[in-house]
Each structure stands twice: as C-alpha cells, then as structure tokens.
Amino acid sequence: MKRIWLATLAALLMTTEAMAAPDDRLDASKRVLLVFSNASDPALAEQSRLLDAAGPNAFEERDLLVLLVPAAGKTRVLVGGPADAYEAAALRRSRNVAPEAGFTVLLVGKDGGTKWQAKRPASPEAVFSIIDAMPMRLDEMRRNRP
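Each step along the sequence shown adds one to the number in the numbering used here, with nothing skipped, and position 98 is 99.
These are computed hints drawn from the structure, not numbers from a lab. Errors might be hidden in some of the hints.
[Said to hold, decoys possible] Calculated cross-link-like contacts (lysine-lysine; reagent style DSS-like; alpha-carbon spacing at most 30 Å):
{"id": "1", "residue 1": "Lys116", "residue 2": "Lys75"}
{"id": "2", "residue 1": "Lys31", "residue 2": "Lys111"}
{"id": "3", "residue 1": "Lys120", "residue 2": "Lys75"}
{"id": "4", "residue 1": "Lys75", "residue 2": "Lys31"}
{"id": "5", "residue 1": "Lys31", "residue 2": "Lys120"}
{"id": "6", "residue 1": "Lys31", "residue 2": "Lys116"}
{"id": "7", "residue 1": "Lys75", "residue 2": "Lys111"}
[Unchecked claim] The calculated label-pair distances, taken between Cβ atoms and stated as ranges, are:
{"id": "8", "residue 1": "Asp112", "residue 2": "Arg143", "range": "13 to 21 Å"}
{"id": "9", "residue 1": "Gly103", "residue 2": "Ala54", "range": "17 to 25 Å"}
{"id": "10", "residue 1": "Ala86", "residue 2": "Ser41", "range": "33 to 41 Å"}
{"id": "11", "residue 1": "Gly82", "residue 2": "Ser130", "range": "32 to 40 Å"}
{"id": "12", "residue 1": "Arg143", "residue 2": "Asp42", "range": "36 to 44 Å"}
{"id": "13", "residue 1": "Ser130", "residue 2": "Asp53", "range": "30 to 38 Å"}
{"id": "14", "residue 1": "Leu51", "residue 2": "Ala102", "range": "17 to 25 Å"}
{"id": "15", "residue 1": "Gly74", "residue 2": "Asp28", "range": "13 to 21 Å"}
Note that the structure is a prediction, hence the values are computed from the model and not measured. Just so it is clear, CB atoms sit at the ideal spot from N, CA and C, and this is done for glycine as well.
The task is simple: from the sequences and hints, build the whole structure.
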C-alpha cells in the first residue's frame, strides 16, 4: 500500500512538473529582464526608450534577454531575441506579479532566481551594474579576458 501511495505521489509530481515547464521556465542560458506591462502604459514607452538608447551589444555580452509580459497572451521580445514565446499568465503566476500590479520589472538570473525588482522603468546602466556584480558574470568576464 505504501509503495502504491509513493508511486502515485511521484507520478503526480512529475505530471505537475511537466505541465509547468513550457510556460514558466525561462531559458537558463540567458539572464532575463521581464517587463510586466500593458501596451498602453506610458512607463512601457519610457522603458523601450531607455533600452533602445543602450544598444544591443551591451545586452548580448551579458546574455540578457528582455521580454514584455502583457496582462494576457504571449510574451514578446523587446531586446535580445529570438526567444520562445511564453504564456504571460504562467510567468505572472510563477513570479507573483498580478495583471493589476501595474508596471513591474524583474531581473531573473541564469539560475532562475529573481535578482532585482522595480515598479518603474529600469535604466540599462542600473541593470548592467547589478548583473556585472553577480558571481557568475564575474566568472564570465574573467574567462573572456584577452
């Protein structure tokens, strides 16, 4: 009886894990800046302006992908694509950001953990300084020195 219960529990856990994987797990080879916003929010326009001013190379050298997470539907790449489209609802649920939370920016590390969060547009310089202080990024910079 105990074995049946354990087998059932293991099957349930694996099923739950498999169901969650496609929609809320981010690419572990990238750091991801999640921009939770509605398309009509003026903060999104400001965030886009700030990102555009930084240029793509700074994002690429830090393995940084920027995704717009709308209230519903699929994510959209703002910088650093191409990337899979994720279900916005699953990402909002996994990161505890409700659609009514308003404009929110989260920096997610390659380990999947939230490293930084703000309720206002994020300057690339601020995000880059956080990333550049991460142990994994320091290792990457040491390995890539000429």
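These are the hints, each one checked on the structure:
1. Between lysine 116 and lysine 75, the direct Cα distance comes to roughly 23 Å. Compliance with the 30 Å bound is thereby established for this hinted pair.
2. Taking the CA atoms of lysine 31 and lysine 111, the gap is about 6 Å. The hint holds against a cut of 30 Å.
3. For the proposed pair lysine 120 and lysine 75, the alpha carbon gap of about 21 Å is at most 30 Å, so the pair holds.
4. Of the supplied pair hints, the one linking lysine 75 and lysine 31 holds, its CA atoms being roughly 19 Å apart against a limit of 30 Å.
5. The hinted pair formed by lysine 31 and lysine 120 meets the criterion: a straight-line CA distance of about 22 Å does not exceed 30 Å.
6. This hinted pair checks out: lysine 31 and lysine 116 have alpha carbons roughly 13 Å apart, not beyond 30 Å.
7. Restraint check: the Cα-Cα separation between lysine 75 and lysine 111 comes to about 21 Å, which is no more than 30 Å; the hinted pair holds.
8. A hinted range of 13 to 21 Å holds for the C-beta pair aspartate 112 and arginine 143, which are about 18 Å apart.
9. Checked against the given bound of 17 to 25 Å, the beta carbons of glycine 103 and alanine 54, roughly 23 Å apart, stay inside it.
10. A hinted range of 33 to 41 Å for the beta carbons of alanine 86 and serine 41 is inconsistent with their spacing of about 21 Å.
11. Look at glycine 82 against serine 130: about 24 Å separates their beta carbons, and that is not inside 32 to 40 Å.
12. At roughly 39 Å, the beta-carbon separation of arginine 143 and aspartate 42 lies within the given 36 to 44 Å, and the hint holds.
13. In this structure the hint that serine 130 and aspartate 53 lie 30 to 38 Å apart at CB is violated, the actual value being about 19 Å.
14. Take leucine 51 and alanine 102: their Cβ atoms lie about 20 Å apart, and the range 17 to 25 Å holds.
15. Between glycine 74 and aspartate 28 the beta carbon distance is about 19 Å. The supplied range of 13 to 21 Å therefore holds.
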